[in-house]
Each structure stands twice: as C-alpha cells, then as structure tokens.
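Keeping their order, the protein sequence lines are chains B and G. Those letters in the first sequence? Residues 5 to 251, by this note's numbering. Those letters in the second sequence? Residues 5 to 251, by this note's numbering.
One or more hints might be untrue.
Note that the list lumps identical chains together, so a pair holds whenever it fits in one copy or between two copies.
[As the list claims (entries may be wrong)] When the alpha-carbon atoms are kept at most 20 Å apart in a straight line, the in silico DMTMM-like pairs for lysine to aspartate or glutamate are as follows:
(1) K146 to D87
(2) K62 to E46
(3) K192 to E118
(4) K192 to D87
(5) K237 to E109
(6) K192 to E114
(7) K235 to D87
(8) K192 to E99
(9) K62 to E228
(10) K192 to E115
(11) K237 to E196
(12) K62 to D87
(13) K229 to E183
(14) K192 to E163
No lab work stands behind these hints, which were simulated from the structure alone.
Now for the letters of each chain:
Protein chains: 2
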Amino acid sequence: MDDMVIAGVILIGDELLSGRTQDTNLGTIAKFLEPLGVSIGEARIIADNSDTIRDTVKAFSEQFDYVFTTGGIGPTHDDITADCIAAAFDLGISERDDAIEALCERYSLEELNEARRRMARIPDGATLIKNPVSQAPGFQTKNVFTLAGVPQIMRGMLEDIPHRLKGGAEIYSVNVTAEGIGEGDAAKGLAEIERSYPGVSVGSYPFFNDALRGVNFVARGRDEKLLREVKRKLEALVEGLNGLNTA
Amino acid sequence: MDDMVIAGVILIGDELLSGRTQDTNLGTIAKFLEPLGVSIGEARIIADNSDTIRDTVKAFSEQFDYVFTTGGIGPTHDDITADCIAAAFDLGISERDDAIEALCERYSLEELNEARRRMARIPDGATLIKNPVSQAPGFQTKNVFTLAGVPQIMRGMLEDIPHRLKGGAEIYSVNVTAEGIGEGDAAKGLAEIERSYPGVSVGSYPFFNDALRGVNFVARGRDEKLLREVKRKLEALVEGLNGLNTA
Numbered sequence: 005m006d007d008m009v010i011a012g013v014i015l016i017g018d019e020l021l022s023g024r025t026q027d028t029n030l031g032t033i034a035k036f037l038e039p040l041g042v043s044i045g046e047a048r049i050i051a052d053n054s055d056t057i058r059d060t061v062k063a064f065s066e067q068f069d070y071v072f073t074t075g076g077i078g079p080t081h082d083d084i085t086a087d088c089i090a091a092a093f094d095l096g097i098s099e100r101d102d103a104i105e106a107l108c109e110r111y112s113l114e115e116l117n118e119a120r121r122r123m124a125r126i127p128d129g130a131t132l133i134k135n136p137v138s139q140a141p142g143f144q145t146k147n148v149f150t151l152a153g154v155p156q157i158m159r160g161m162l163e164d165i166p167h168r169l170k171g172g173a174e175i176y177s178v179n180v181t182a183e184g185i186g187e188g189d190a191a192k193g194l195a196e197i198e199r200s201y202p203g204v205s206v207g208s209y210p211f212f213n214d215a216l217r218g219v220n221f222v223a224r225g226r227d228e229k230l231l232r233e234v235k236r237k238l239e240a241l242v243e244g245l246n247g248l249n250t251a
Numbered sequence: 005m006d007d008m009v010i011a012g013v014i015l016i017g018d019e020l021l022s023g024r025t026q027d028t029n030l031g032t033i034a035k036f037l038e039p040l041g042v043s044i045g046e047a048r049i050i051a052d053n054s055d056t057i058r059d060t061v062k063a064f065s066e067q068f069d070y071v072f073t074t075g076g077i078g079p080t081h082d083d084i085t086a087d088c089i090a091a092a093f094d095l096g097i098s099e100r101d102d103a104i105e106a107l108c109e110r111y112s113l114e115e116l117n118e119a120r121r122r123m124a125r126i127p128d129g130a131t132l133i134k135n136p137v138s139q140a141p142g143f144q145t146k147n148v149f150t151l152a153g154v155p156q157i158m159r160g161m162l163e164d165i166p167h168r169l170k171g172g173a174e175i176y177s178v179n180v181t182a183e184g185i186g187e188g189d190a191a192k193g194l195a196e197i198e199r200s201y202p203g204v205s206v207g208s209y210p211f212f213n214d215a216l217r218g219v220n221f222v223a224r225g226r227d228e229k230l231l232r233e234v235k236r237k238l239e240a241l242v243e244g245l246n247g248l249n250t251a
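Can you make the complete structure from the sequences, with help from the hints?
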C-alpha cells in the first residue's frame, strides 16, 4: 500500500542486552511516530560491535522507509555509532564546525577535551539533529536518524524530526476491555471480526494480577470509520460472552 | 572463546512495536541467564508475521547457542509462533496428548474449546516446557525455547529451563558510581583501563535528573580477580577526577 510508511529501530548498547538497562526508547519512538502515520516494522537490540552496527544500519536503511538508531554517540571509547553509520554508507567522517558550535553552548574551551570533541565527528553530508537537553547533536544520514541513548535526550531530539518525515495515512486504534473473560472464549469471534475487515488488525492481550483478570482487545488501522464499526463488533462480542466467566 | 555461550532473543508481537506494551522479558531473560554463564548477543522485536518469525528463528538458531522466543502461543488467531517454529525446522505440528493433559489441569472439558486446544499444537519432536502459572505449555525445539509473552507466565516457564542449558563460565560485573562527573572527563582514562584488561568490557552510563548527575561505570568479564583489579582502577580514576565537577 502506498500510504504505508514503515520505520525500523536499532537500539544500540551492551547494557540493554545484559538487562542492566531497561529500554524505553522503542515505545517513545512508536508513540511519536503513530500520529505522523509511520509505524514500526521491526526493532533490533544490538551490542556495541562495529560490524553488527554497520551491517544492521545498511540492511535496515534498504528495508525500511526510515531508520532510527539510539545509543553510542557519547564521548567514550564504546561510543562508535557515528563511525559505523559512515561505514554503512561508505562516507568519510570528520569533526564538524557546526557540531563544535553546538558543544560550545554547553562546554567551556577547557572542558571541550579530546573525548568530548569526538561528539562533533559527523558522517560527511549528514545534517545535524538538535539536542535541546545536552547540546551534543544527533544527525540524519540519508533515511537514518541517529539519536542519543539516554531517554531524556532522545526525546528532546525527536522534536527536530517531524518536518523531515513524509508520513503516511494516520493510524487509528480502538480499545475494548473485557473483564472476567479468557482469550480462548473470544478467539473464534475475534478471528471472524479480523477476517471481515481487511486492513484492520485485531490483537488480544490478557491482563493478569495474581490470576487472569480479563482481556484487552485492540484494533488498529488507517480507516477511522471502519474502526468505529470494528469497535461495535468487539463490544457485541464481549457482551455475548459476559457471564461465561471462565477466566 | 570456548567458554562463551551466547543466546539470541526474539520478542514477538505487534503490541511491542506499536508502543502499546513495554517489553520487560528481555531484561528478565538476561538476568536469568547471567549466573548460568550465558550472555545475550542480540534481540529482535518482530511483528506477528509468519515469514518474519520463521526466518528469524531459523537464522538465530544457526547463529546462537540458544534462542528464546516470547509471545504468540496463546489461543487467538494472531498466535502463530508454534506453526512458525515448525516451519523454520521443516517439522510437522499437531495436537499433543501431554499438552492437552496440561491444559486439563486448568480447563474443564467444556471450556477446552477449539481455540484453547490450539495451545496444545506442538512441533514434532519438541519437549514441553512447564507453565506453572496458566498451564498452557511452552516447548523446546532443538536449541530454541518458545515461551509465553505475558511476563508472569514467561518467568514461570524459565524455572523449567536451567537443566536444559550447558552454560559457560560465569559472567561477573562490578559497578563504580561517580557523582558530579561527566562522561567526557573520564573517557580517556576509561579507554586506557579497557585496553589494559583484555576480556573485560567497560561501559559508562550517565544518569540524569533535570541535569546531568553523574556516571555509572560498569565492567563485565569472566575473570573475577581481574574485575576486582579493574574496580580499583575505576575507583582511582573517579578519585582523580573528583572536584573537576564539570558535569
């Protein structure tokens, strides 16, 4: 479909794979993109390894309309994302004046040591992405947006993205919650609803405390009117199941 | 290295990519594997799409010592993981008596409708993984462990995994926290420490509130004695930087 715009997300960092840090950037990016009509097709969480970063960026750049990377653009030895992006596109990379200028808003010349200057190394031809939180910029190389890993900074950088995106048709979603019902009770009716409405995807998500408490049904699609109809169908399905209470 | 045992993790579900659900299973699996000497090499978050699931399982099964999948083994139409695992390994799939038995611990025969019976469809030759929370089993196919997506259930299933793993040397980590210091101040010393201790990886993770508050340094490796030495070096590095306070 022409109006489907799909992004890939690459979350970079050993700390995400070791369980030391819980990623929240994927959800933030997804919620940021949804009203712009861009959905996420796949996300990968990869280690601080040059070959892996380079190859993943290259593959995703070809596979998706847009690519977002997070992590690895700080001043330390394990911050290698900028070099990997340059390698992925066979571009040179060097310290850039406009990036140094951004850093000077934060650091005195004395503080701007060799390590911090690394944050001004930008792949040739990339445009900077403003960082309103800690100034060291992100950058856009072709369809790839390279953002910081720290969630507060990453969120700030997203503010400089919307005008760069050609979005698709807006994605809408509706929600129906059914308490005291099991997924298995609703499965047959749910499959029928999804079959009847092409272009609408219907998911069911059980929620638990100590025991099963119920199911959330979520339908997503690009036709708002159709979704309102699907919502009524889901409500009728739940009503028909009420009292079963076999959770 | 012979004692490196690496796992890949595949998190399956549209709801993770839409930002509706925040994954926590990756961190749980990582923390479960660490004391067993297994680290995670890569994780992918993929949509409820048969071809993608099949291809990713196949590739990861070849690339990693172990693979963990989460999600897509419930009773509804979007629960397609079991079929995709069978397809990845060219295996048949059918309803299994031992899996039906497990379901009967939870459901009456009346409740065990066609949708719920789907949860007893298991790839040929797989062994079941016990589900102490809601009974519907996971399963192991070759080096691939297929687990539920609901975090409470996933955690319960992990209890039936350790005896199936041939772990590697235990991975240790040490932590040094430096308040009032920026990453850029420590970068040079940090790189020197990492260079001096092959087999030890050193990461630095700034932490923020409204402003930069400090940096956590984490070193990880399989030689506990070496790590104690690295910890002393990190502490000396931080001590040398104290008072700089250029954060």
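Structure-based check of all given hints:
1. Proximity of K146 to D87 under the C-alpha cut-off of 20 Å is restricted to the intra-copy arrangement: shortest distance 15 Å within a copy versus 38 Å between copies.
2. Proximity of K62 to E46 under the C-alpha cut-off of 20 Å is found in both arrangements, the shortest distances being 14 Å within a copy and 17 Å between copies.
3. In this assembly of identical chains, the alpha carbons of K192 and E118 lie at most 20 Å apart only when taken from different copies (8 Å versus 63 Å within one copy).
4. With identical chains, the CA atoms of K192 and D87 are at most 20 Å apart between copies only, with a shortest distance of 18 Å across copies and 51 Å within one.
5. Taking CA atoms no more than 20 Å apart as the test, K237 paired with E109 passes in neither setting, with 56 Å inside one copy and 32 Å between copies.
6. Only between protomers do K192 and E114 lie at most 20 Å apart by alpha-carbon distance; the minimum there is 15 Å, versus 68 Å within a single protomer.
7. In the homo-oligomer, the alpha carbons of K235 and D87 never lie at most 20 Å apart, since the shortest distance is 48 Å inside one protomer and 29 Å across protomers.
8. With identical chains, the CA atoms of K192 and E99 are at most 20 Å apart between copies only, with a shortest distance of 18 Å across copies and 59 Å within one.
9. Taking CA atoms no more than 20 Å apart as the test, K62 paired with E228 passes in neither setting, with 35 Å inside one copy and 37 Å between copies.
10. Taking the closest pair of Cα atoms, K192 and E115 come within 20 Å of each other only across two copies (13 Å); inside a single copy the shortest separation is 64 Å, beyond that limit.
11. Proximity of K237 and E196 under a CA criterion of 20 Å is satisfied intra-copy only: 10 Å inside one chain copy versus 63 Å between copies.
12. In this assembly of identical chains, the alpha carbons of K62 and D87 lie at most 20 Å apart only when taken from the same copy (13 Å versus 30 Å across copies).
13. For a Cα distance limit of 20 Å, the shortest separation of K229 from E183 qualifies neither inside one copy, at 26 Å, nor across copies, at 54 Å.
14. Taking the shortest alpha-carbon separations for K192 and E163, neither the intra-copy value of 43 Å nor the inter-copy value of 32 Å comes in at or below 20 Å.
Hint compliance for this structure: hints 5, 7, 9, 13 and 14 are not met, and every other hint is.
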